[in-house]
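Chemist: What follows is the residue order along each chain.
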Amino acid sequence: MSKDIKIKKGLDIKLVGEAEKSVEQAIISNFCTIRPEDFHSVIPKLIAKEGATLKAGDVIFYDKSNEDVKFVSPVSGTVIEVLRGPKRRIDAVKIQADKPQSYKDFGKFNTSSDAKTTKAHLLASGCWPFIKQRPYDVIANPEKSPKSIFISGYATAPLTADLDFVLQGKEAELQAAVSALSKLTEGQVHIGVGSKNSPLANMSDATIHNVSGPHPAGNVGTHINRIDPVNKGEVVWTVNAQDLVVIGELLLTGKFNAERIVALAGSSVKKPRYFKTLIGSEVATMVYDNGVDKDGNDRIISGNVLSGKQLKPDGSLGYYDNVISVIPEGDDYELFGWNKPVFNKISTSRALTFSWLTPKKKFALNTNTNGEHRAFVVTGSYEKVFPLDMYPMQLLKACMYEDLDEMEALGMYEVAPEDFALTEFICVSKQPHQDIIRKGLDLMLKEIG
Amino acid sequence: MGLKSSLHNFRQKNKDKKWLPAFSAIHTFLFLPNETTHNGTHIKAADDLKRTMNTVIMAMVPCLIFGMYNAGYQHHLAFGDIQAATGGFLSSAFWTIDNLLVGFWKVIPLVIVSYGVGLAIEIFFAMKNSHEVEEGYLVTGMLVPLIVPIDTPLWMLAVAVAFGVVIGKEVFGGTGMNILNPALTIRAFLFFAYPTWMSGDKVWVHGAVERDQMIAAGENLDAISGETILGTLAQGKDVGYEVMDMFYGIIPGSVGETSTLLILLAGLFLIFTKIGSWRIMLSSAIGALVMGLIFNGVVSSGWITESSKFYGLMSTEFWHHLLIGGFAFGTVFMATDPVTASQTNKGKWIYGFLIGFISIMIRVFNPAYPEGVMLAILLMNVFAPTIDHYVVQGNVKKRMKRLKVKTA
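These protein sequence lines are chains X and R, in that order.
Just so you know, we're using UniProt numbering here: the first sequence kicks off at 1 and counts up by one.
Just so you know, we're using UniProt numbering here: the second sequence kicks off at 1 and counts up by one.
Honestly, I wouldn't trust all of these hints.
[Said to hold, decoys possible] Straight-line distance between alpha carbons at most 20 Å, and here's what the computed DMTMM-like set of lysine to aspartate or glutamate pairs gives:
1) X:Lys-116 / X:Glu-143
2) R:Lys-4 / X:Glu-20
3) X:Lys-147 / X:Asp-205
4) R:Lys-397 / X:Asp-228
5) R:Lys-398 / X:Glu-234
6) R:Lys-13 / X:Asp-332
7) X:Lys-232 / X:Glu-81
8) R:Lys-398 / X:Asp-389
Hints are computed from structural coordinates only; laboratory data are not their basis.
Generate the whole structure from the sequences, applying the supplied hints.
Modeler: Next up, the structure:
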């Protein structure tokens with residue numbers, strides 16, 4: 001069965017530096033860093049203290065509010081440092097990797113097991129954090145059962161890894177993961193694919209949707225809104241396609257193999273391409289040994305340029321990311337930049353900006369905000385790039401004045417910050433939309449739960 | 001990098017100073033700031049609020065220049081210095097340096113006072129509340145000189161601007177927070193505080209008031225009458241202007257609002273650049289036409305006789321309403337103000353339609369001051385949030401229904 005999703009509203013941001021479709025083995029990084037901040041709203045309870053030796057798949061910490069949710073090490077090695085922030089908050093756990101890797105054996109999983117066993121297996125093996133839920137865009141609560149599970153096999157954000165390419169040859173793992181997940185919901189597993197060539201296009205135990213249109217057509221939030229929107233009291237789960245491979249491999253072989261094919265992209269990268277690396281590995285070797293100027297003024301981002309996290313050069317690949325974007329910093333002044341004709345930046349208006357004349361041109365954007373933070377003034381522009389059936393500006397304002405009833409009524413249960421990336425991109429008042437939505441979700445999580 | 005780095009260093013050195021917003025206003029006028037993104041999107045689109053506002057100002061410049069010529073032309077015509085220009089918009093008797101200079105020396109002081117007083121207040125509030133000077137006033141400051149009579153005394157304008165900016169905007173928290181259109185608040189203040197300067201048949205032609213005072217003082221001169229078309233119609237008199245004169249704008253009126261042609265072009269420019277809302281402009285024109293048709297219908301069905309004081313305006317052909325008075329200007333530049341207009345797309349249709357509809361209604365039923373656009377827009381400014389509320393509730397209800405279907 002196929003139910004297609006076509007959207008018209010949105011914006012494809014075409015950037016210079018798309019990754020070329022060739023995979024290189026990244027120099028194996030000696031250090032792997034796991035940052036609890038990747039797992040929003042999780043308070044970590046540390047198990048692996050400094051000096052502990054781990055196998056790949058051994059527990060590093062678990063969630064204090066739900067001890068069943070465990071977070072495991074992507075590599076085998078020794079914990080060399082636990083970085084702490086204010087109030088002894090754990091900022092990062094740094095592991096020095098062994099040269100030959102050893103894996104904890106979780107045992108080959110019987111894929112015909114029932115929901116309870118499947119759930120227990122995923123929790124015990126540290127695969128649970130790959131499953132997120134809406135509302136609130138946090139790690140799924142294993143005690144609740146979702147009405148459906150969404151997987152997007154189509155990445156439309158600028159400079160993201162091409163999932164068709166990255167997932168090639170992983171059909172067996174993907175199928176194992178999809179079948180296992182399908183047991184956990186009373187509803188269906190919905191997979192959105194961009195083309196017939198997608199390795200996900202022929203999965204059984206799932207409903208496949210052909211997705212087309214500009215970004216955010218590939219965002220899982222768009223699919224949820226079109227297929228099975230979240231109402232009050234309901235829960236849906238989402239899993240990133242590339243994480244299915246890790247889950248699938250665990251089920252098939254018993255190994256927690258955190259290997260991932262990552263795109264290194266962006267206009268600052270001399271030769272953008274794909275790398276095979278591990279979750280949490282240091283990105284410096286990948287970024288510097290292969291094409292970014294060491295003393296260049298660039299920004300390294302784990303994730304895509306719309307919703308990724310800024311990294312320091314010694315930073316590490318985020319838990320959920322499969323792209324490292326490197327773009328130039330824009331911390332310079334531009335003479336009369338606010339009113340002179342603009343040819344080298346993207347704009348949805350035509351106010352002396354000319355990107356509309358060259359819809360196919362690729363741009364090399366930097367991180368300059370192109371203006372200062374202002375109150376909301378312009379109206380009607382967000383709606384043009386926001387395909388969800390809700391009022392984005394009203395929802396943002398409701399979050400800002402913290403009116404829970406209104407947030408609920410306007411559709412807060414359905415959204416994640418990334419759904420507001422495009423409205424944030426085009427915002428003339430340079431408001432931090434994703435941040436506003438994240439804070440709003442956190443408030444709801446705290447007050448309503 | 002002389003200027004760039006010295007301005008930057010100056011700013012860094014004085015980071016904590018109270019007066020920094022005043023400096024920043026100049027700094028960011030010259031240079032796009034070096035601010036970079038942090039979390040959220042790492043890249044941003046090219047437009048900022050300054051660019052948006054600047055586009056609106058660009059759209060107004062032709063109206064401003066035309067207003068200068070027209071001011072001079074009306075002045076010379078009324079004083080009998082020149083004959084009425086034949087050939088309309090292309091007439092060489094209209095586009096003379098002499099006309100321009102008379103208008104220039106009257107209009108530029110209005111612009112200077114408007115910006116001077118308004119920006120001074122904006123900067124004061126920016127320093128007081130330590131935020132940046134926001135761009136809203138760039139447009140307001142340009143709108144104000146365009147919607148006042150040419151001979152408005154400068155002190156009056158200064159008082160009105162101060163009132164409008166403080167009461168119309170700053171008390172609500174500044175740009176983006178206000179309920180009423182600031183430029184119209186300024187004009188409304190002028191209208192209610194100094195009514196003799198805002199209506200009648202003297203104020204629209206430069207020099208007419210002055211001569212009136214001279215006549216009153218006993219000098220033997222001809223009085224000048226320069227009333228607007230609306231004024232003429234309200235008194236049930238015949239209009240002495242051709243339709244094309246109204247379209248070109250070679251008629252008495254507020255400085256920038258007479259030329260429907262230039263306003264139409266500005267409107268198209270704003271729609272093309274995606275800065276102005278075409279929904280509001282279109283629906284407002286439709287609203288005005290509908291009301292005009294209703295009045296025409298009343299006249300043609302004989303419910304009203306020529307002796308009625310409403311006859312003149314009611315019998316005006318319905319589409320003439322788009323050409324005369326401040327309707328076109330109000331629709332293109334005032335009703336579309338995104339802060340005070342409806343914010344939802346559906347709401348914009350309703351909001352615009354009602355503005356057009358009510359404008360013509362007030363115009364006809366208020367012969368003492370036959371200009372309804374200002375009051376119609378201010379009225380709808382107040383109702384815009386209500387309209388939005390019901391539009392948004394529609395979406396909310398749809399959501400609630402979804403829930404019931406699921407649980408049933």
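Chemist: Indicate, hint by hint, whether the structure satisfies it.
Modeler: For each hint, the structure was consulted:
no.: 1; hint: X:Lys-116 / X:Glu-143; in the structure: holds (11 Å)
no.: 2; hint: R:Lys-4 / X:Glu-20; in the structure: violated (39 Å)
no.: 3; hint: X:Lys-147 / X:Asp-205; in the structure: holds (15 Å)
no.: 4; hint: R:Lys-397 / X:Asp-228; in the structure: holds (17 Å)
no.: 5; hint: R:Lys-398 / X:Glu-234; in the structure: holds (17 Å)
no.: 6; hint: R:Lys-13 / X:Asp-332; in the structure: holds (17 Å)
no.: 7; hint: X:Lys-232 / X:Glu-81; in the structure: violated (42 Å)
no.: 8; hint: R:Lys-398 / X:Asp-389; in the structure: holds (10 Å)
Comparing the model with each numbered hint stated earlier shows that hints 2 and 7 do not hold.
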